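*Asks:* Residues per chain are reported as follows:
Number of protein chains: 2
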Amino acid sequence: MKLFAKEEMEKVVHLDKEVIDVVEKAFTDLVKKEVQMPPIMRIDIPEYNGEVDIKSAYIAGYDSFAVKLSSGFFDNYKFGLPSASGMMLLLSSETGIPQAVLADNGYLTEMRTAAAGAVAAKHLAREHINTAGVIGTGAQARYQVKALKLVRDFDRLLVYGRTHEKAEKYKDEMERELGIEVTISRTAEEVVKASDVVITTTPATDPVIKAEWLHPGLHITAMGSDAEHKQELESSVLEKADVFVCDVVAQSIRLGELRACNSQRVIDEAIEMGEITAGSKKGRSSENQITICDLTGTGVQDTAIARYAYERLTK
Amino acid sequence: MKLFAKEEMEKVVHLDKEVIDVVEKAFTDLVKKEVQMPPIMRIDIPEYNGEVDIKSAYIAGYDSFAVKLSSGFFDNYKFGLPSASGMMLLLSSETGIPQAVLADNGYLTEMRTAAAGAVAAKHLAREHINTAGVIGTGAQARYQVKALKLVRDFDRLLVYGRTHEKAEKYKDEMERELGIEVTISRTAEEVVKASDVVITTTPATDPVIKAEWLHPGLHITAMGSDAEHKQELESSVLEKADVFVCDVVAQSIRLGELRACNSQRVIDEAIEMGEITAGSKKGRSSENQITICDLTGTGVQDTAIARYAYERLTK
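Residue numbers (my numbering), protein chains in the order written: chain L, 23 to 337; chain E, 23 to 337.
Calculated directly from the structure, the hints in this document are not laboratory data. Accuracy of the hints is not assured; some may be wrong.
Which copy is meant is left open, because identical chains are indistinguishable; a pair holds if it fits in one copy or across any two.
Cut-off 30 Å, straight-line C-alpha distance, at most; resulting in silico cross-link-like pairs (DSS-like, lysine-lysine) [to be verified]: (1) K303 - K55; (2) K54 - K171; (3) K232 - K193; (4) K28 - K337; (5) K337 - K54; (6) K24 - K337; (7) K337 - K100; (8) K24 - K47; (9) K304 - K24; (10) K303 - K33; (11) K55 - K100; (12) K24 - K100; (13) K232 - K24; (14) K337 - K304; (15) K303 - K191; (16) K55 - K191; (17) K303 - K188; (18) K262 - K100; (19) K304 - K215.
All of these numbers come straight from a predicted model, not from anything done at the bench.
Extracted from the complex, chain L is given alone in its bound form (with noise of 0.2 Å):
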């Protein structure tokens, strides 16, 4: 069994037009395929403001499986440590023997979180779109905007974050790196209305959006909530859109945005990505339509990933 470190993983999986096909492909596996996915197991460390989350899912056929290890720690900046690490681990489907360690320290699930955003976008935002707004301004605010750069062309991108220090750090890097003007806005209220693509990241336990400022045509992802506890939309936003969509209803009603949806109709009406990219149901189909996509995070992607990796990584 062999380890591969983050470096290595990094030489040969790059956000790209691929890794969002590699993504897509898992959801519709996910719902096509026979899959053993079993609710996310989750440690809670309460004195040191953590988490650590084991997904896995077997893909019927795969020859391998992922399990994968993703830890949040939000006192780490403390240390000058950045919240996320973990690695995957490949096993053989067919002997349950582990074939590899990627010990890519949360980066798999960074490109494999933010490909599926880039799907969400690709079936549900407006085909043409001005501005991009995104709240939070860590990692996945980065990846999930460039993800979403590589499925819709914008010009302009609107970020807020509660620290005004790192929402300026954010528009620098981001506007070296997609060339396009990046303008910090003061509330979360200015980046939704002026959006045609919104997209949350944060750990909010309280929603950071709010009804009243959705408007024809929006598409918000919120990718933040993935505990019991976390939340980023009112139930009124979900109430409000047209269409809402999530990766596993199970999950977003368990740990995700539909956890806190006062309306069984939302619930009953929720699509799954999957059933959107098998071709199935229809994602946005007028302009006008108000569309949610409620990202959880499954093991079928980290599966994906990891064995997209791996065959990179020992081709």
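For this one, chain L is given, so just place chain E on it according to the hints.
*Replies:* This is chain E only, laid out in the frame that chain L set:
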């Protein structure tokens, strides 16, 4: 983050009294300290008759904790491979950052499982025994009996296994290693009726021990059942016992012997091993009692042995 191979671990971790103490302390910590021990995550691979179990436990105050993967692929013998494999990961409790991959291939699990059996026997078996009995002829059948020999002296061992060839091999090895007489019994009944301590180590889904075979002073450690469809002891066996102990009641109800128990009294009176090791409850209190210990395996044991191994590996 370093990867340690099985051979390195075999050099520094052995089945001895030190390891039994490590595991005994783990049980005590399970009841005395704040422990985050989420339910076991299981991934079934039906096509290959396999399953992967993931266990973890964080004990407040410990600066690291383990995540343990173990695979049981029961067709592997067709490829000349062992059915069990796996690894342990050690993570920092303070930062969530992975410290080590212990590619033990199940070795540490074998150690901590056998050690748990020894802890059970230490508190539940009669002080003085003559004959030990084992149902099963695999790895745990070997380790459990060796561990028992560290806490109880006996000069005779009875073994029953479904495959005579394997039982012969077991007898040869164990006679050589323990220097005692090993007799192959033709039935499980013979083993139970003639032994002072019986250990069941099978993946049986139908009970292997019947109530009529029990006799005063007998202690049974059942370690085979660790999933919903497994069962080694009839419900009436549990009802006939004077003392029923398990590692974790909720887990025994979900995955162990209590799952098929028809008696609410047995469930209500079930004692957790940690209560005994912590001194709050008694184990065996008379020579004539029939005692049972159901071991399903806990993340606390994994964390304890992983930390112990890492400490000895990095000394």
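*Asks:* If a hint holds in the structure, say so; if it doesn't, say that too.
*Replies:* Right, here's what the structure says about each hint:
For the homomeric pair K303 and K55, the shortest alpha-carbon distance inside one copy (17 Å) is at most 30 Å, but the shortest distance between copies (50 Å) is not. Taking the shortest Cα distances, K54 and K171 sit within 30 Å of each other inside one copy (28 Å), while across copies they are farther apart (53 Å). Taking the shortest Cα distances, K232 and K193 sit within 30 Å of each other inside one copy (24 Å), while across copies they are farther apart (72 Å). For a Cα distance limit of 30 Å, the shortest separation of K28 from K337 qualifies both inside one copy, at 17 Å, and across copies, at 27 Å.
In this homomeric assembly, K337 and K54 come within 30 Å of each other (Cα to Cα) only inside a single copy, at 28 Å, whereas the closest approach across copies is 51 Å. For the homomeric pair K24 and K337, the shortest alpha-carbon distances inside one copy (14 Å) and between copies (24 Å) are both at most 30 Å. When the C-alpha separation of K337 and K100 is checked against a cutoff of 30 Å, the pair qualifies only between copies, where the shortest distance is 29 Å, while the shortest distance within a copy is 40 Å. With identical chains, the CA atoms of K24 and K47 are at most 30 Å apart within one copy only, with a shortest distance of 27 Å there and 33 Å across copies.
In the homo-oligomer, the alpha carbons of K304 and K24 never lie at most 30 Å apart, since the shortest distance is 42 Å inside one protomer and 47 Å across protomers. With identical chains, the CA atoms of K303 and K33 are never at most 30 Å apart, being 36 Å at best within one copy and 58 Å at best between copies. Proximity of K55 to K100 under the C-alpha cut-off of 30 Å is restricted to the inter-copy arrangement: shortest distance 27 Å between copies versus 44 Å within a copy. With identical chains, the CA atoms of K24 and K100 are at most 30 Å apart between copies only, with a shortest distance of 25 Å across copies and 33 Å within one.
Neither within a single protomer nor between protomers do K232 and K24 lie at most 30 Å apart by alpha-carbon distance, with minima of 48 Å and 47 Å respectively. Neither within a single protomer nor between protomers do K337 and K304 lie at most 30 Å apart by alpha-carbon distance, with minima of 37 Å and 60 Å respectively. Taking CA atoms no more than 30 Å apart as the test, K303 paired with K191 passes in neither setting, with 40 Å inside one copy and 59 Å between copies. Neither within a single protomer nor between protomers do K55 and K191 lie at most 30 Å apart by alpha-carbon distance, with minima of 43 Å and 43 Å respectively.
Taking the shortest alpha-carbon separations for K303 and K188, neither the intra-copy value of 39 Å nor the inter-copy value of 55 Å comes in at or below 30 Å. Taking the closest pair of Cα atoms, K262 and K100 never come within 30 Å of each other, the shortest separation being 40 Å inside a single copy and 57 Å across copies. For a Cα distance limit of 30 Å, the shortest separation of K304 from K215 inside one copy, 25 Å, qualifies, whereas the shortest one across copies, 67 Å, does not.
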